[in-house]
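> Read top to bottom, the protein sequences are chains A and B.
Going by my numbering, the first sequence opens with residue 1, and the numbers climb by one from there.
Going by my numbering, the second sequence opens with residue 1001, and the numbers climb by one from there.
Calculated directly from the structure, the hints in this document are not laboratory data.
No residue lacks a Cβ here, since even glycine has one placed at the ideal position from N, Cα and C.
Take the hints with a grain of salt, since some may be wrong.
Here are some, though not all, of the chain B residues that point toward chain A, as calculated from beta-carbon distances under 7 Å [what the hints assert, rightly or not]: (1) 1050; (2) 1057; (3) 1065; (4) 1131; (5) 1134.
Here chain B is said to cover these stretches of chain A; the calculated rule only asks that three of the stretch's residues, wherever they fall, bring their Cβ under 8 Å from a Cβ of chain B [unchecked claim]: (6) 321-331; (7) 356-368.
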Amino acid sequence: MVRSPPTDSVGLVTQHKATFEEPLPLVCGRELPRYELVYETYGELNREGTNAILVCHALSGNHHAAGYHSEHDRKPGWWETCIGPGKPLDTNRFFVVCSNNLGGCHGSTGPASINPETGKPYGDQFPIVTVRDWGRSQARLADELGIRQWAAVAGGSLGGMQAMQWAIDYPERLRHAIVIAAAPRLSAQNIGFNEVARQAIMSDPEFHGGRYYDYGVSPRRGLAVARMLGHITYLSDDAMRAKFGRDLRGDMSFDFEQVDFEVESYLRYQGQRFVQDFDANPYLLMTKALDYFDPAADHEDDFSAALAHIQCSTLLLSFSSDWRFAPARSREILRALLENNKPVSYMEIEATQGHDAFLMPIQRYLEAFSAYMGNVAREVGA
Amino acid sequence: MNPLRRELEIVADWIEPGSRVLDLGCGDGTLLHYLVERKGVTAYGLEIDPRKVTRCMDRGVNVVRADLDEGLDDFHRDSFDHVIMSQTIQAVRYPDKLLEDMLRVGRHGIVTFPNIGYWRLRLQLLLKGRMPRSPALPNAWYNSPNIHLCTVRDFERLCATMGVQIRERRLLDRAHRSTPFINLAPNLLGEVAIYRFVRGSETL
Chain A
1 MVRSPPTDSV GLVTQHKATF EEPLPLVCGR ELPRYELVYE TYGELNREGT
51 NAILVCHALS GNHHAAGYHS EHDRKPGWWE TCIGPGKPLD TNRFFVVCSN
101 NLGGCHGSTG PASINPETGK PYGDQFPIVT VRDWGRSQAR LADELGIRQW
151 AAVAGGSLGG MQAMQWAIDY PERLRHAIVI AAAPRLSAQN IGFNEVARQA
201 IMSDPEFHGG RYYDYGVSPR RGLAVARMLG HITYLSDDAM RAKFGRDLRG
251 DMSFDFEQVD FEVESYLRYQ GQRFVQDFDA NPYLLMTKAL DYFDPAADHE
301 DDFSAALAHI QCSTLLLSFS SDWRFAPARS REILRALLEN NKPVSYMEIE
351 ATQGHDAFLM PIQRYLEAFS AYMGNVAREV GA
Chain B
1001 MNPLRRELEI VADWIEPGSR VLDLGCGDGT LLHYLVERKG VTAYGLEIDP
1051 RKVTRCMDRG VNVVRADLDE GLDDFHRDSF DHVIMSQTIQ AVRYPDKLLE
1101 DMLRVGRHGI VTFPNIGYWR LRLQLLLKGR MPRSPALPNA WYNSPNIHLC
1151 TVRDFERLCA TMGVQIRERR LLDRAHRSTP FINLAPNLLG EVAIYRFVRG
1201 SETL
């Protein structure tokens, strides 16, 4: 329980909901007749409307990026390390907005929402949404909030890719893209991991072809396995060795059901905890959106050409032990930006935590991020 | 006068407004910030020290954390009008390869370095028999980042060997002045050497 939040936290926050009655055309060719986005905001929008920052969440994230929903919350929002007074996304200077992506399971329209055409949950009928669709849905939110141009669009992992997509699709609507631990597109290995995760979910007997809401069940075991796999890829080999090694919980059980190693216990716990707060269909959708993300695809596989018309400056950050989206992938983005003479800064940060490092309080990371954002703040008069 | 100031001014004089500049070992971004402000250049800096990279970001200077010993593979041929290496060449592992790479990615190269042939340094070695130290070379031999110190004559010899054409040379004394007197014996009297050069095949 948090009686009084730390002074560098945004403290207690409430979520908002925006409803859009105009149909949203999607990349897949279908459209959503109407949709809702839940979002949170931290800080104040200045009179000129120049200090707004859009934060994009990663695969399993949501709109609750900072602060606490109640004094009983044990944990703050997912990017508490970077959002708050005096932090890189300084809420004394910036107005920070974070929305739950379409297709999610935390309040924005998604597979568990009621399909207005059938009166039942969408389930497997929910269209496959892409990163580009998310940008479009968020652009309407920006309109509604009166934000013509974001000072920055920021995110890590999938969120970083979304920031890039914003820069490509709405060049006039952001001044800076903050792209952390991302890649120009997924590798075969990345897609492979996602496919195993999806197969884990879809082969759960409770999946029912995605229509499990109708049966009042949920493919929790499959989703937990998917998360266990994902979790391994977010940590580094070194981090897992340091945390668990080959430590045993007790004596070896010579039994498959029992937990022998600490790492097994940890992964099972992570899987179980995850399914309490996440749904299987959105996990399928999010992994698919990641797989499909490929700005170069529209430009004969030339990523540099995809970035030719962006107008923002870019900050790229990567972490040395991240093997899911390794520093070499950020360098690909760097090279494409340099080829286009775009303003860009890049820093690889030494970190042992693997891909998850972008969520961690790593001093060098926070200092660099803060320095860059301090300059952004001066630029927009925040 | 800020000791770096004179050097900055000389380098800045060689750079046309609006040109594209790459600074190798850009430190805290002082030079690039100066060039952006005074000359409106498009500039990128490379720097290995994360604290200095962060200082550049704070200043709004485009900076890439990079190890110069790994070369300039992120950049295409002729990407820049000027590639600058200020007080850095003596600290890299392959100065000759980097010079070559500078002139691959840029049309003009500018290099500044502390001249180890400066008379005070020679005298230290001669009289004390120890590795020379000076305000420009403050470290002891064992903890100095400077692993490839050279003299004015050494540098010019390397350029000649590599077919690099020196276009201009400026030498500064300890007071950071550039007097005609220095050119009587540049390798003896110059404490800081500043060069502008182009590829050998480049015509005037």
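> For each hint, tell me whether it holds in the structure or not.
The hints, checked one at a time:
Because the closest C-beta pair between residue 1050/B and chain A is about 5 Å apart, less than 7 Å, the hint holds. The interface hint given for residue 1057/B holds, since its Cβ lies 4 Å from the closest Cβ of chain A, which is under the 7 Å cut-off. The restraint placing residue 1065/B at the interface with chain A holds, with a minimum CB-CB distance near 4 Å, inside the 7 Å limit. With 7 Å as the threshold, the beta carbon of residue 1131/B stays out of range of chain A, its nearest partner Cβ sitting at about 32 Å, so the hint is violated.
Restraint check, residue 1134/B versus chain A: the minimum CB separation of about 32 Å is more than 7 Å; hint violated. Counting residues of the region 321-331 of chain A whose beta carbon lies closer than 8 Å to any beta carbon of chain B gives 1, which falls short of the minimum of three for the stated coverage. Judged by the Cβ-Cβ criterion of 8 Å, the region 356-368 of chain A is covered by chain B as claimed, because 3 of its residues qualify and three suffice.
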